[in-house]
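Please construct the entire structure, taking both the sequences and the accompanying hints into account.
2 protein chains.
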Amino acid sequence: MSTLNLTLMTDLYEMTMMQGYFKTQNHEVVVFDAFYRNNPCDGGYAICAGLDQVIEYIKDLHFDENDLAYLKSLNIFDDDFLEYLANFHFSGDIYAIPEGTVIFPREPIIKVVAPIMEAQLVETAILNILNHQCLIATKSARVCYAAKGDGVMEFGLRRAQGPDAGTYGARAAVIGGCTGTSNVLAGQLFDVPVKGTHAHSWIMSFPDEYTAFKKYAELYPSACILLVDTYDTLKSGMPNAIRVFKEMREAGIPLTFYGIRMDSGDLAYLSKKVRKMLDEAGFPDAVISASNDLDEYLIESLKLQGAVITSWGVGTNLITAKDNPAFGGVYKLAAIRDENGTFIPKIKLSENTEKVTNPGNKTIYRIYDKNTGKIRADLICLVGEVFDPEEDMTIFDPNEPWKKTRLAGGSYTLRELLVPVFKDGKCIYESPSVMEIQEICNKEKDTIWDETKRFVNPHEIHVDLSKKLYDLKNDLLNELHNLQED
Amino acid sequence: MSTLNLTLMTDLYEMTMMQGYFKTQNHEVVVFDAFYRNNPCDGGYAICAGLDQVIEYIKDLHFDENDLAYLKSLNIFDDDFLEYLANFHFSGDIYAIPEGTVIFPREPIIKVVAPIMEAQLVETAILNILNHQCLIATKSARVCYAAKGDGVMEFGLRRAQGPDAGTYGARAAVIGGCTGTSNVLAGQLFDVPVKGTHAHSWIMSFPDEYTAFKKYAELYPSACILLVDTYDTLKSGMPNAIRVFKEMREAGIPLTFYGIRMDSGDLAYLSKKVRKMLDEAGFPDAVISASNDLDEYLIESLKLQGAVITSWGVGTNLITAKDNPAFGGVYKLAAIRDENGTFIPKIKLSENTEKVTNPGNKTIYRIYDKNTGKIRADLICLVGEVFDPEEDMTIFDPNEPWKKTRLAGGSYTLRELLVPVFKDGKCIYESPSVMEIQEICNKEKDTIWDETKRFVNPHEIHVDLSKKLYDLKNDLLNELHNLQED
Chain A
1 MSTLNLTLMT DLYEMTMMQG YFKTQNHEVV VFDAFYRNNP CDGGYAICAG LDQVIEYIKD
61 LHFDENDLAY LKSLNIFDDD FLEYLANFHF SGDIYAIPEG TVIFPREPII KVVAPIMEAQ
121 LVETAILNIL NHQCLIATKS ARVCYAAKGD GVMEFGLRRA QGPDAGTYGA RAAVIGGCTG
181 TSNVLAGQLF DVPVKGTHAH SWIMSFPDEY TAFKKYAELY PSACILLVDT YDTLKSGMPN
241 AIRVFKEMRE AGIPLTFYGI RMDSGDLAYL SKKVRKMLDE AGFPDAVISA SNDLDEYLIE
301 SLKLQGAVIT SWGVGTNLIT AKDNPAFGGV YKLAAIRDEN GTFIPKIKLS ENTEKVTNPG
361 NKTIYRIYDK NTGKIRADLI CLVGEVFDPE EDMTIFDPNE PWKKTRLAGG SYTLRELLVP
421 VFKDGKCIYE SPSVMEIQEI CNKEKDTIWD ETKRFVNPHE IHVDLSKKLY DLKNDLLNEL
481 HNLQED
Chain B
1 MSTLNLTLMT DLYEMTMMQG YFKTQNHEVV VFDAFYRNNP CDGGYAICAG LDQVIEYIKD
61 LHFDENDLAY LKSLNIFDDD FLEYLANFHF SGDIYAIPEG TVIFPREPII KVVAPIMEAQ
121 LVETAILNIL NHQCLIATKS ARVCYAAKGD GVMEFGLRRA QGPDAGTYGA RAAVIGGCTG
181 TSNVLAGQLF DVPVKGTHAH SWIMSFPDEY TAFKKYAELY PSACILLVDT YDTLKSGMPN
241 AIRVFKEMRE AGIPLTFYGI RMDSGDLAYL SKKVRKMLDE AGFPDAVISA SNDLDEYLIE
301 SLKLQGAVIT SWGVGTNLIT AKDNPAFGGV YKLAAIRDEN GTFIPKIKLS ENTEKVTNPG
361 NKTIYRIYDK NTGKIRADLI CLVGEVFDPE EDMTIFDPNE PWKKTRLAGG SYTLRELLVP
421 VFKDGKCIYE SPSVMEIQEI CNKEKDTIWD ETKRFVNPHE IHVDLSKKLY DLKNDLLNEL
481 HNLQED
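Taken in sequence, the protein lines are chains A and B. Going by the numbering used here, the first sequence opens with residue 1, and the numbers climb by one from there. Going by the numbering used here, the second sequence opens with residue 1, and the numbers climb by one from there.
A hint or two may mislead.
Each pair may be met inside one copy or between any two copies, as identical chains are not told apart.
With a cut-off of at most 16 Å between alpha-carbon atoms, the simulated EDC-like pairs for lysine to aspartate or glutamate come out as follows [to be verified]:
| id | residue 1 | residue 2 |
| --- | --- | --- |
| 1 | K355 | D263 |
| 2 | K348 | D232 |
| 3 | K403 | D67 |
| 4 | K346 | D208 |
| 5 | K443 | D266 |
| 6 | K403 | E354 |
| 7 | K404 | E460 |
| 8 | K370 | D388 |
| 9 | K348 | E479 |
| 10 | K273 | E479 |
| 11 | K348 | D263 |
Keep in mind the hints are simulated off the structure, nothing from the lab.
See the structure below:
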């Protein structure tokens, strides 16, 4: 199976800058951090996803003859630079937070340590992939949280923003917790469950609804979910569905996985009526599934209203993350390695304090409460810093320096979040399967309290700086401020 | 250049229904309409886009060995059906509204006339492609309308919902009016202009801002747009940029295309200050370009505030259509052809009047005012109906029957919107180039008044039904209603 090579899927300015570095003979090794600033939907967390596609992209990076001819045709790039590109491959290191991990704002999800030309080229594609998949995985986790253990199916392919959005979006949705997808291609590519029964058009293509149901039940007796709202859910769809279920039972066909789906109307009211009809007809184990513009808020509300829906099909609002369709991840220069191999930290100023970057070659430790296993805080620090969890630790809010937290020695455990993925251009990481990542993600979601998972005003888990990083950042800020005063 | 085959990019239920039709030996030819119900962003129109990708998809439809093996592994599909799929190709007819055309709710953008199995399979991919590209083309047209003739660049690749969303989204944005994109791959694939200069990281990788500007100007003197907000726009960026421009002038380097870009801060205030600084330094023709979370509303507001920005870079909000990220197109059964070749109309009921479909094998005429060339209304009618523009015409609102419009003979002209694209499975349509489609779209936008293009409460252009279609729909509704009463 071959896909389009994405080497040219980059912003033109990455390439004009690359040529600039080439012409100025700048081969410095730099550190870039990819991170995001705000949790989607004003939530308390996000879910990391997309790394496997980033790995494929990096592995496949090369400029073929067509690419070079196209670049030449732009009359921007000189032959010596194009020759360099002809032999281009990624030679740097990449560190990343594994897919399925719960993540928080301002911590590097991916860290690229590479010669500046290479690190610059890959910015756009890395952000594109991460921004999309982190977004949908996060939305999916929210929707599944609202469904409180009911199955949630990803049904949004037709409303996704193009084929990749539908297909990689389905992948991300499964990572976030969806039990499956309607997208057959996603099923094939990622070995995830695919589900689906029939549409209104199936019903309309038969002379009447009963015949349509009857035929469907004959064809698919072991996965017989009938869509009951083509004409009238309670007056037509339900009586016809129950008639078919009864005939199946009378014919001795085992009713293993069967039930109805509703795609319109007042789902709270209808589901209660439908449950009653099914129970009274002797079908208490019939599935009631629902779709129709669902999202986490609507599912939560339906649950509060006592809707007896056991399976949810979520389309548009999940696959586009409709109320928050962009993740907003950025990729910022954090350090430049000098001739002695020392990383010289770099900082990007902004009038908005939150937008000031964290300088230096960094890593992240997750601090867990030893008793509960829940996340206490995340700690961004400089590579090489050593912490002993048997000793007390003080961590600092990066924006509000008076906010310090003291952790008692012995009460916490530490886990480094960034793992090596590429070393000297070679991939040294093997991605788990998507279903394995879903399992990882389920465990990850257990490391945060409901207070952080709720939709309104969730509790914020702190991402703090080590003392060393905090001081370094402060020194750089003062230095730059003094420069501007001069 | 090879792309992933999208044959399996369909909802599983399309395939279970297909097998159902196969098993029940249903080879009836049916009519499906793809249409949408509401203009994005509460606007007055939408722009049609995506047809070329639909054509590629239909041409490429086939199940290869891997696909068949995967489908078999699902234990849903029988060997006889899989054998049928092995020889599957599309054999039907497709009609479509050409890309770049202004479109309105409820009119078929694509009409598929094909054996039911084929027509059903293609639903999901057609909707996916149309929903995405119509959405972004429409958003782009809105943004360009706000920019009142200034150049608008599509800069959103990194925030798009995956690679296709960035790349086909760039295509759609150019169709809607953008002068170019930052996405190099989109430039290569669709032969559209690509643009871009440098990022903050370029500035940060040099010892100081002046040196970074100076180097950039040496490398790219003929397209020298300097990013001035890395440290401080007015105190640092502008003085350094002007110093470089002066040095270029002194060195006799022609200043053809040059200027500055701002990516943060108060763009209205800063642009006026920046314009003054440039003018006073003798650079009245320097470009002032701006980016930073722009959309049509913000551009309109900046213009009202007297911002003197001449070029706009629009990212996230355009490439995701952030305030309305789903187009909502649907695909509904409209007719089934009987053994005599007559199309038997089908209607889908809904408690929501607006969701009741228009039955029958239909086409659309656009009615133009003869004097102004502007659109008077669109008319959906049955195929075969003939209208003489020299005669008076009465058209009917599909939802509110008392709303009739009478057009005087001789005052209007007619144009059929749907054109044949596939005939008996063969493509008989050649897509214009993307830049040609942009030109078509520019002319199309001239056929609607500002009243329809404005953002708040735009004037609605009516999509009405012919007398014959109106009566047919009414008869079917009464018939179904009587059935339910029985």
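Taking the hints in turn, this is what the structure says about them:
1. K355 x D263: between (43 Å within a copy, 13 Å between copies)
2. K348 x D232: between (60 Å within a copy, 11 Å between copies)
3. K403 x D67: neither (51 Å within a copy, 57 Å between copies)
4. K346 x D208: between (70 Å within a copy, 12 Å between copies)
5. K443 x D266: neither (34 Å within a copy, 44 Å between copies)
6. K403 x E354: Intra 15 Å, inter 55 Å, cutoff 16 Å: intra-copy only.
7. K404 x E460: within (15 Å within a copy, 58 Å between copies)
8. K370 x D388: Classified as within: same-chain Cα gap 14 Å, cross-chain 83 Å, threshold 16 Å.
9. K348 x E479: within (13 Å within a copy, 69 Å between copies)
10. K273 x E479: Answer is neither; intra-copy 69 Å and inter-copy 27 Å both fail.
11. K348 x D263: Cα proximity of K348 and D263: across copies only (13 Å, versus 50 Å in one copy).
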